[in-house]
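Q: Start from the sequences, fold in the hints, and give me the full structure.
Chains as they are written, first to last, in our numbering: chain Z, 836 to 1038; chain G, 836 to 1038.
Everything hinted at is true.
Ranges between beta-carbon positions, derived for each pair:
hint : chain 1 : residue 1 : chain 2 : residue 2 : range
1    : Z       : Asp957    : G       : Gln978    : 14 to 24 Å
2    : G       : Gln876    : Z       : Pro963    : 36 to 46 Å
3    : G       : Val1024   : Z       : Asp1034   : 47 to 57 Å
4    : Z       : Ala921    : G       : Ala1038   : 16 to 26 Å
5    : Z       : Tyr952    : G       : Gln876    : 37 to 47 Å
Worth flagging that the hints you see were computed from the coordinates, not collected in a lab. Think of the CB as a built atom: it goes at the ideal place given N, C-alpha and C, for glycine as much as any other residue.
There are 2 protein chains.
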Amino acid sequence: MKLYDSIGPNPHVVRMFLAELGIEIEKVEVDLMGGENRQEQHLNRNPSGQMPTLELDDGSFLAEITAICEYLDEMNGHTSLIGKTAEERAETKMWVRRIDLQIIEPLTNGFRYSEGYDLFKDRLHLIPQAADDLKEIAQERLQWLDGQLEGKEYVCGDRLTLADIMLYCFLNFGTTVGQPIDQKNKNIVSLHSKLDSLDSASA
Amino acid sequence: MKLYDSIGPNPHVVRMFLAELGIEIEKVEVDLMGGENRQEQHLNRNPSGQMPTLELDDGSFLAEITAICEYLDEMNGHTSLIGKTAEERAETKMWVRRIDLQIIEPLTNGFRYSEGYDLFKDRLHLIPQAADDLKEIAQERLQWLDGQLEGKEYVCGDRLTLADIMLYCFLNFGTTVGQPIDQKNKNIVSLHSKLDSLDSASA
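A: Laid out in structure tokens, this is it:
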């Protein structure tokens, strides 16, 4: 297998997940800032033009971070990062989708439509007039998530999962683009700090 | 198991998926129009306040349509609706997330922020000034998907999957809220008609 990799929070999620799984995969760097991911060679790998993309042993390509991480976990015999039982896997996927749709999408689109405007204006249909509200929504849902984390060590109770890794990588990304972690969200601050201390965080 | 069910495209996805699996589950109707899903009793089942929600045999609750369908499929011995092999499952999840983020999210938010404004104004943070662009994005990505469907019977080649079911249910929903299927997208029109002829479509 081969991982087409780049800067950005999405590839970071997969690298951190790989590090937590304890496996290494050959990496090929794609120049995201230069727009190499939107050119024909990468579009043949991933027609969405996004990063990262995993090349499987049979030469086919797998995109979308959740699909990639779940596949790698299954190839590794089903670990607690996604879930050892069907019920654990279901719980992880539920929280992954909540964080994906309610927090990551508004946070990243809020960035793309404002600070990221120049980088994305020739790549995506942008909605600059929605940027401020999207950033507010991300913060409102983070506050909601903070309440949901009460009494739990990780998003899925006592298991470190893909949900935590996605949250962590995008919280870090937010911090670099003007959407810092609200220190009033004590449970999120604590979860972030827990993940920040993992060796895998710097993967 | 017990499915907390309501009107709307999300519950429709799960009902159609159940019908394709050929299994029946007890259903409990929740009054979505009356906002019962945003009240305490349902929030205890699903703190996101969304429909549907599956109650498992152990009394725990599972939300998010993708997590619910993948769990039901796994309980049913892994069918081609999600995938019989790890590679098939990965392909399905990749396309499900593309359709979810690139088409369903802008289509439904486009609705919520305009025609759906009055219904959602006390439930969600709305961005009315983004509605037109969101609807345009949904159409642009449907056009892109139409190209991706060229030469394929279903989104994942010759397999009917959750990706088709989600696309179908939300295309239908779009039609009822002023976002009809663009007849120029021949492959999407053909796929929609294929699913429309299934008995499960009316589930």
